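K.L.:
Given next are the chains, with one letter for each unit.
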Amino acid sequence: MDKLATLSQAAELVRDGDVLAISGSFFESVPMALIREVIRQGKRDLKIIVSAHGIAVDILVGAGCVREVSGAYIGFEGYGLAPNFRRAVEQGTLEFNESACFAISSGLRAAAWGLPFLPIKGLFGSDLLLRHAEYKPYTWDGEEVMLVPALKPTVALVHGRRADSAGNVQIAGAGWDEVIAEAADRVIVTVEEIVPEEEIRRTPERTTFPGFLTTAVAEAPYGAHPAGSPGLYDFDEAHVLEYLEAGKTSDGFRSYLNRYVYEAPTHDQYLEAAGGVKRIFALRI
Amino acid sequence: MDKLATLSQAAELVRDGDVLAISGSFFESVPMALIREVIRQGKRDLKIIVSAHGIAVDILVGAGCVREVSGAYIGFEGYGLAPNFRRAVEQGTLEFNESACFAISSGLRAAAWGLPFLPIKGLFGSDLLLRHAEYKPYTWDGEEVMLVPALKPTVALVHGRRADSAGNVQIAGAGWDEVIAEAADRVIVTVEEIVPEEEIRRTPERTTFPGFLTTAVAEAPYGAHPAGSPGLYDFDEAHVLEYLEAGKTSDGFRSYLNRYVYEAPTHDQYLEAAGGVKRIFALRI
Amino acid sequence: MMGPATDFTPDELMVSALAHTLRDGERVMHGVASMIPVIAIQLARATHAPGLICVNLEGIDARPSRYALTTEYFALAEGATKTSNLLRLFEYAQRGLIDAAFFSGAQIDRLGNVNTSAIGEDYERPKVRLTGGAGQAILCHTVGRIIIWLPRHERNRLPESVDFITLPGHHPNVKRRMDRVVTNLAVMDFEPQSGAMRLVSIHPGVTIEEIQDNTGFDLILPDTIPTTKPPTGEEITLLRTRVDPQGIRKQGM
Amino acid sequence: MMGPATDFTPDELMVSALAHTLRDGERVMHGVASMIPVIAIQLARATHAPGLICVNLEGIDARPSRYALTTEYFALAEGATKTSNLLRLFEYAQRGLIDAAFFSGAQIDRLGNVNTSAIGEDYERPKVRLTGGAGQAILCHTVGRIIIWLPRHERNRLPESVDFITLPGHHPNVKRRMDRVVTNLAVMDFEPQSGAMRLVSIHPGVTIEEIQDNTGFDLILPDTIPTTKPPTGEEITLLRTRVDPQGIRKQGM
Numbered sequence: 001m002d003k004l005a006t007l008s009q010a011a012e013l014v015r016d017g018d019v020l021a022i023s024g025s026f027f028e029s030v031p032m033a034l035i036r037e038v039i040r041q042g043k044r045d046l047k048i049i050v051s052a053h054g055i056a057v058d059i060l061v062g063a064g065c066v067r068e069v070s071g072a073y074i075g076f077e078g079y080g081l082a083p084n085f086r087r088a089v090e091q092g093t094l095e096f097n098e099s100a101c102f103a104i105s106s107g108l109r110a111a112a113w114g115l116p117f118l119p120i121k122g123l124f125g126s127d128l129l130l131r132h133a134e135y136k137p138y139t140w141d142g143e144e145v146m147l148v149p150a151l152k153p154t155v156a157l158v159h160g161r162r163a164d165s166a167g168n169v170q171i172a173g174a175g176w177d178e179v180i181a182e183a184a185d186r187v188i189v190t191v192e193e194i195v196p197e198e199e200i201r202r203t204p205e206r207t208t209f210p211g212f213l214t215t216a217v218a219e220a221p222y223g224a225h226p227a228g229s230p231g232l233y234d235f236d237e238a239h240v241l242e243y244l245e246a247g248k249t250s251d252g253f254r255s256y257l258n259r260y261v262y263e264a265p266t267h268d269q270y271l272e273a274a275g276g277v278k279r280i281f282a283l284r285i
Numbered sequence: 001m002d003k004l005a006t007l008s009q010a011a012e013l014v015r016d017g018d019v020l021a022i023s024g025s026f027f028e029s030v031p032m033a034l035i036r037e038v039i040r041q042g043k044r045d046l047k048i049i050v051s052a053h054g055i056a057v058d059i060l061v062g063a064g065c066v067r068e069v070s071g072a073y074i075g076f077e078g079y080g081l082a083p084n085f086r087r088a089v090e091q092g093t094l095e096f097n098e099s100a101c102f103a104i105s106s107g108l109r110a111a112a113w114g115l116p117f118l119p120i121k122g123l124f125g126s127d128l129l130l131r132h133a134e135y136k137p138y139t140w141d142g143e144e145v146m147l148v149p150a151l152k153p154t155v156a157l158v159h160g161r162r163a164d165s166a167g168n169v170q171i172a173g174a175g176w177d178e179v180i181a182e183a184a185d186r187v188i189v190t191v192e193e194i195v196p197e198e199e200i201r202r203t204p205e206r207t208t209f210p211g212f213l214t215t216a217v218a219e220a221p222y223g224a225h226p227a228g229s230p231g232l233y234d235f236d237e238a239h240v241l242e243y244l245e246a247g248k249t250s251d252g253f254r255s256y257l258n259r260y261v262y263e264a265p266t267h268d269q270y271l272e273a274a275g276g277v278k279r280i281f282a283l284r285i
Numbered sequence: 001m002m003g004p005a006t007d008f009t010p011d012e013l014m015v016s017a018l019a020h021t022l023r024d025g026e027r028v029m030h031g032v033a034s035m036i037p038v039i040a041i042q043l044a045r046a047t048h049a050p051g052l053i054c055v056n057l058e059g060i061d062a063r064p065s066r067y068a069l070t071t072e073y074f075a076l077a078e079g080a081t082k083t084s085n086l087l088r089l090f091e092y093a094q095r096g097l098i099d100a101a102f103f104s105g106a107q108i109d110r111l112g113n114v115n116t117s118a119i120g121e122d123y124e125r126p127k128v129r130l131t132g133g134a135g136q137a138i139l140c141h142t143v144g145r146i147i148i149w150l151p152r153h154e155r156n157r158l159p160e161s162v163d164f165i166t167l168p169g170h171h172p173n174v175k176r177r178m179d180r181v182v183t184n185l186a187v188m189d190f191e192p193q194s195g196a197m198r199l200v201s202i203h204p205g206v207t208i209e210e211i212q213d214n215t216g217f218d219l220i221l222p223d224t225i226p227t228t229k230p231p232t233g234e235e236i237t238l239l240r241t242r243v244d245p246q247g248i249r250k251q252g253m
Numbered sequence: 001m002m003g004p005a006t007d008f009t010p011d012e013l014m015v016s017a018l019a020h021t022l023r024d025g026e027r028v029m030h031g032v033a034s035m036i037p038v039i040a041i042q043l044a045r046a047t048h049a050p051g052l053i054c055v056n057l058e059g060i061d062a063r064p065s066r067y068a069l070t071t072e073y074f075a076l077a078e079g080a081t082k083t084s085n086l087l088r089l090f091e092y093a094q095r096g097l098i099d100a101a102f103f104s105g106a107q108i109d110r111l112g113n114v115n116t117s118a119i120g121e122d123y124e125r126p127k128v129r130l131t132g133g134a135g136q137a138i139l140c141h142t143v144g145r146i147i148i149w150l151p152r153h154e155r156n157r158l159p160e161s162v163d164f165i166t167l168p169g170h171h172p173n174v175k176r177r178m179d180r181v182v183t184n185l186a187v188m189d190f191e192p193q194s195g196a197m198r199l200v201s202i203h204p205g206v207t208i209e210e211i212q213d214n215t216g217f218d219l220i221l222p223d224t225i226p227t228t229k230p231p232t233g234e235e236i237t238l239l240r241t242r243v244d245p246q247g248i249r250k251q252g253m
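Chains as they are written, first to last, in this note's numbering: chain A, 1 to 285; chain B, 1 to 285; chain C, 1 to 253; chain D, 1 to 253.
You may find that some hints are simply not true.
What the simulated footprint calls covered on chain C by chain B, stretch by stretch (three residues with Cβ under 8 Å from a Cβ of chain B suffice, anywhere in the stretch; the number is not a length) [what the hints assert, rightly or not]:
1) 62–71
2) 138–149
3) 180–193
4) 214–226
5) 231–244
Simulated pairs of lysine-lysine, DSSO-like, Cα-Cα distance not exceeding 27 Å [unchecked claim]:
6) A/Lys47 / D/Lys127
7) A/Lys136 / B/Lys248
8) B/Lys278 / B/Lys47
9) B/Lys248 / C/Lys250
10) A/Lys136 / B/Lys47
11) A/Lys152 / B/Lys278
12) A/Lys47 / D/Lys250
13) B/Lys152 / B/Lys47
14) A/Lys47 / A/Lys278
15) C/Lys229 / B/Lys248
16) C/Lys250 / B/Lys47
17) A/Lys248 / D/Lys229
For each label pair, taking beta carbons as the anchor points, the in silico distance ranges come out as [what the hints assert, rightly or not]:
18) C/Gly25 / B/Gly64: 44 to 54 Å
19) B/Gly64 / C/Glu154: 34 to 44 Å
20) C/Ser194 / B/Asn258: 53 to 63 Å
21) D/Met253 / B/Met1: 50 to 60 Å
22) B/Gly276 / A/Gly231: 51 to 61 Å
23) D/Thr241 / A/Arg284: 23 to 33 Å
24) A/Pro196 / C/Ser161: 49 to 59 Å
25) D/Ser65 / B/Arg44: 43 to 53 Å
Bear in mind the hints are in silico, worked out from the structure with no lab data behind them. Nothing here was measured: the structure is a model prediction, and the numbers come from that model. C-beta atoms are modelled at their ideal positions from N, C-alpha and C, and glycine is treated no differently.
Please take these sequences and the hints and turn them into a complete structure.
P.N.:
Right under this line is the structure:
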């Protein structure tokens, strides 16, 4: 079945109020082109479920698309705090449902495996537990575990390395994006390159998730920028620093969005605004 | 840390009374050379935990090494029933603790992940459930699941494609041997080829489990025979049929064991008895 | 070529009848030791169901060019879109991603219970210790619908009650997922209310009496009992030349 | 070269002090945003602990040749023996395979509780919304021992009680796993009975008064308080030329 779509058609599959899971993490395999298109299309009231993430969450929050974030770490690691996320929580305009990485990823895995919950160890003694009445302590043979409920995204946004038109997706690097794709009701994918089906069938051990999980797939070369794509291009550290500088104030961030999202209405135009061929070539690994 | 051993040293790490998990399945990646050496060394009172397996279990049972088998399917698929296993159960000399594949593999996964149990769906209505009081039905939000306890092997016997001397093991094909290696206390490995550490470090995405899980690793080319090694050699259908024919009677099977195990005291001698170079070359893929 | 074939063997009829139970676009799985379903799936894909996706222990939607009498075999991953394994197969099913599954057994009874474990009154000391049901007891709850295939329609294989329930058929706590039973003589299903086995169609050249004589309980007989649609000429040609030139399907009969 | 170095910077001292907490043959992990531990682990491996194995989000026992200020970065899988990911890291820890872990936070209190979540009295409307603790609340129960690193030893970072417990330190239901706290001024541990923080050693050139002035509670002071073992000349040379010529360690200070 043909799942090919344009970037714009792919983003249109996101509906107001959707619960999003997002591939990649801080600076790798983040579906940024897709997220910028979601912002252009003015989606609202999104809920986001992530484990550890940075710019993907921050830009959606800064653009006013998000009502609630479930996550364990939202930040830019050594580069700083997430400016829009931080501001929104401090000002009370964003609900942050904070938990721990493995509790969230196990919740997503429970959904991926069709289970109502999964057991994990840990969490005891942390104030996080006071905020999660839905986590149930359970004792088996004297051993205490915590049962964490399934977390069910309505949509997964994924950026991969390559896919065929049937939506068989190959993602390089050390991710667990198979889990979020399997957990979600709809899976919207961008890839660096659409390849012939035969190419996927020559390398089935590299396939991250099968086409029957994919709702739509769009080609978006450098679609993770300013994040990177393992094996192809590095993340754009200078752009990340520019983003963080802009994000220090709401006005500064508004200018960033104008320049890189609203006034660059296509992915190609975004890449031009971000430095064009010269810049993207410089990022090649 | 150097984990290199001879086949004989590797098998000596198996102790009487051990609980074995075994890699591969019917006719692929089965640690047959290691198992033949375990038989030569006269190990006794072994318990075996497998999901679906054939010759590995049957030959150990036929050689008198096994007291109890936990499994979901013991047979030779389209080639027939497992002759020694069948005879032993029918004669009451072997305890068969029968369950279903995913209950067993989830029990092994629970052990691999340090959990006392994992939830799965299913089993209701099957007579298997009458034999497993340890499986606990559990209802979460109206959804019924079954909690299956961790199954903890003391030893995993594994045949892989290649490893370095530190015991980083790469197994080709579509297995889940990572789980049994992680579940067991000791992991005894044979591989088609010992390769330099650099070769493993060039291909870390192919590594099935890390050296810190491996207790000992021995080189045993064609060590899966008469099973196959994906990508290298096919299973030996004629030898399997010879095995099944011999297994029809206890005497016949005793002759098989004499010829291929006791009177072929090394792996090389086994391969010679099984047809030598000509035969193993004919199996190359 | 598209019309009914006139020259076909029992294995070809059975493979074709199983293929006809599958719909285009479905995701289907088969159990271990299941060469007839393996071929039936490929036949359906080659004919009326080009978008059918087979998920098994080795891979997803593979294009095998050869077979052996085993289902955990590297050739079953040849040309797959993704490699798979035992755990993934069960997880996919548990997630509701598998629409149909083929299972078999040594016995199937009036209510669709399947026995793949042991024959005889004493389970502990059975007359015949069988293989065990692999994943049947779990997958029967998690796949969309179940198609039972039974190459030998005989009285002792279709008893009033099985000796041991490996796969539960009609059971108060179990959502009804039993769809079809396809044997070498007939196609059957289950009456929704009673859960009892019911004749659906009789294979060409077989009589109702023959079926009743070879069934260990009274089948429900509907008013009209058509003849099972025979294989088409195209199906027979494809089976013999492209889908299964090895004749692996014969080994299960 | 093997003697103590005379010329080193605070970041070099801190990296060296963290490296000294590790033993040969251990399996160690670090959290996100943890460039100082990332370098400390590589320094330990290059010196006294050649068999130390780092397990992180990208790979096992990698040989990175470059760094960025992020821990989920392909370079951290360079030369690894196996790729890893978030789920595998937590599973390994839960299975008891991780001996030691490095964590940090915005606050750590007298009992070793760590806050990486929010500063201020009202968690819902915090003065500073921090990143969150990633996996701390889980891993602190599943790894062998915990080493806290804190590049700025200041009163408000070492308060009597943290504003929010992301990682519990001394807690009746929690097995004691808190091992060391290494700051830019000193090394501390926890008194076994009370679970209260205790001075272990003072970095070269630092006074007890300076430490007390910069700590928001009364540290337990043992009778003898040695000077922290300074980096060796070999360590400094390795850090500057081979382990971290980029100077990525400075970014965390």
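K.L.:
Look at each hint and say if it fits the structure.
P.N.:
The hints, checked one at a time:
no.	hint	verdict
1	62–71	holds (count 4)
2	138–149	holds (count 5)
3	180–193	violated (count 0)
4	214–226	violated (count 0)
5	231–244	violated (count 0)
6	A/Lys47 / D/Lys127	24 Å, holds
7	A/Lys136 / B/Lys248	54 Å, violated
8	B/Lys278 / B/Lys47	36 Å, violated
9	B/Lys248 / C/Lys250	23 Å, holds
10	A/Lys136 / B/Lys47	35 Å, violated
11	A/Lys152 / B/Lys278	56 Å, violated
12	A/Lys47 / D/Lys250	37 Å, violated
13	B/Lys152 / B/Lys47	11 Å, holds
14	A/Lys47 / A/Lys278	36 Å, violated
15	C/Lys229 / B/Lys248	41 Å, violated
16	C/Lys250 / B/Lys47	37 Å, violated
17	A/Lys248 / D/Lys229	41 Å, violated
18	C/Gly25 / B/Gly64: 44 to 54 Å	52 Å, holds
19	B/Gly64 / C/Glu154: 34 to 44 Å	36 Å, holds
20	C/Ser194 / B/Asn258: 53 to 63 Å	57 Å, holds
21	D/Met253 / B/Met1: 50 to 60 Å	35 Å, violated
22	B/Gly276 / A/Gly231: 51 to 61 Å	44 Å, violated
23	D/Thr241 / A/Arg284: 23 to 33 Å	28 Å, holds
24	A/Pro196 / C/Ser161: 49 to 59 Å	54 Å, holds
25	D/Ser65 / B/Arg44: 43 to 53 Å	52 Å, holds
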